[in-house]
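Counting in this note's numbering, the final residue of the sequence shown is number 353, and the numbers go up one at a time with none missing.
Misleading hints may appear alongside valid ones.
Here are the in silico distance ranges between beta carbons for each label pair [unchecked claim]: (1) 270 to 156: 39 to 45 Å; (2) 324 to 177: 41 to 47 Å; (3) 313 to 266: 18 to 24 Å; (4) 339 to 222: 38 to 44 Å.
Mimicking SDA-like on lysine to any residue, the simulated pairs with C-alpha atoms at most 20 Å apart in a straight line are [claimed, not checked]: (5) 307 to 288; (6) 254 to 221; (7) 333 to 135.
These aren't lab readings, by the way, just hints derived from the structure by calculation. From the three backbone atoms N, C-alpha and C, an ideal C-beta is built for every residue, glycine too.
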Amino acid sequence: MTIKPYTKAITGLNPRSDYERIAYLLTFHCFPWDMEKALEFALFRTFAVPSVSRLLLATGEFVNRTQKRYDDTELILYEILENGMDSVRGQAAIARMNAMHGRFKISNEEYLYVLSTFIFEPIRWMDQWGWRPFTPIEKEAILINYQELAKRMGIREVPDSLDSFEAFNVAYERAHFSFDPANKIIGNKTLELLLGFYLPEKLFGLGRPIAYCLMDSRLRQAMGYPHPPGLLVFLVKVVMKVRALVTGWIPEPGKPVLGTKRKRSSYPKGYTIEALGTNTPGK
Numbered sequence: 071m072t073i074k075p076y077t078k079a080i081t082g083l084n085p086r087s088d089y090e091r092i093a094y095l096l097t098f099h100c101f102p103w104d105m106e107k108a109l110e111f112a113l114f115r116t117f118a119v120p121s122v123s124r125l126l127l128a129t130g131e132f133v134n135r136t137q138k139r140y141d142d143t144e145l146i147l148y149e150i151l152e153n154g155m156d157s158v159r160g161q162a163a164i165a166r167m168n169a170m171h172g173r174f175k176i177s178n179e180e181y182l183y184v185l186s187t188f189i190f191e192p193i194r195w196m197d198q199w200g201w202r203p204f205t206p207i208e209k210e211a212i213l214i215n216y217q218e219l220a221k222r223m224g225i226r227e228v229p230d231s232l233d234s235f236e237a238f239n240v241a242y243e244r245a246h247f248s249f250d251p252a253n254k255i256i257g258n259k260t261l262e263l264l265l266g267f268y269l270p271e272k273l274f275g276l277g278r279p280i281a282y283c284l285m286d287s288r289l290r291q292a293m294g295y296p297h298p299p300g301l302l303v304f305l306v307k308v309v310m311k312v313r314a315l316v317t318g319w320i321p322e323p324g325k326p327v328l329g330t331k332r333k334r335s336s337y338p339k340g341y342t343i344e345a346l347g348t349n350t351p352g353k
């Protein structure tokens, strides 16, 4: 297989100085669909932590305005990834995110865990479902990118290596993943939204078991979801592997697939960064 141009370009970059450029190329050229799905699962995974899901349920945002909350989360992240953390728009997005989170009582450990999912879910997704896994250069760049974001968010005690950060991620899930009714309420609303991107509502009953196949048993258990039939798990795996094989032969998009340029029902006339997120006071 011929090395694709953007994949090849990354090999000439330095992850310690070019981490934002590498994250940009991975997200918008090399793996546009896969990165979006991986980041969706990163967000979804945090719902398995009762303290997170209870907070989201209390604000009402993910229940009453699921589409807007999803759009807001994506747009803030994409503003940072597309423009750079220290750009005018990147700084505005980070400031908006910090102001929104600052209204609530969120522990440093919870911040660290959420941050860890945005590092390791893309890595794990590419290992399992991507047309190729991330290279060591790419993994290091992703780590540094989110370490730098953590500094700008005021997050403390950020692990200094992939191994130590992953050890934290795994230990946190073992200690904090547990079923709570709030997990399932928030998870169901979000899953319905994600299924709606591909299926009419009357077919959600068919789509849910397929989504369960993409979740590990620990996540399913904490969300209160059943284990899907073995045959369905096998079929989903085959389809995803075939898709990865086909994607591997398709050229990378020459024009970046930017998340901020996508039409969003929450903002039919466009948006301002200052209007993103919730203004609900925390308790």
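The hints, checked one at a time:
{"no.": "1", "hint": "270 to 156: 39 to 45 Å", "in the structure": "holds, 43 Å"}
{"no.": "2", "hint": "324 to 177: 41 to 47 Å", "in the structure": "holds, 43 Å"}
{"no.": "3", "hint": "313 to 266: 18 to 24 Å", "in the structure": "holds, 20 Å"}
{"no.": "4", "hint": "339 to 222: 38 to 44 Å", "in the structure": "violated, 30 Å"}
{"no.": "5", "hint": "307 to 288", "in the structure": "holds, 18 Å"}
{"no.": "6", "hint": "254 to 221", "in the structure": "violated, 32 Å"}
{"no.": "7", "hint": "333 to 135", "in the structure": "holds, 17 Å"}
Checked against the numbered hints above, the structure violates hints 4, 6; every other hint is satisfied.
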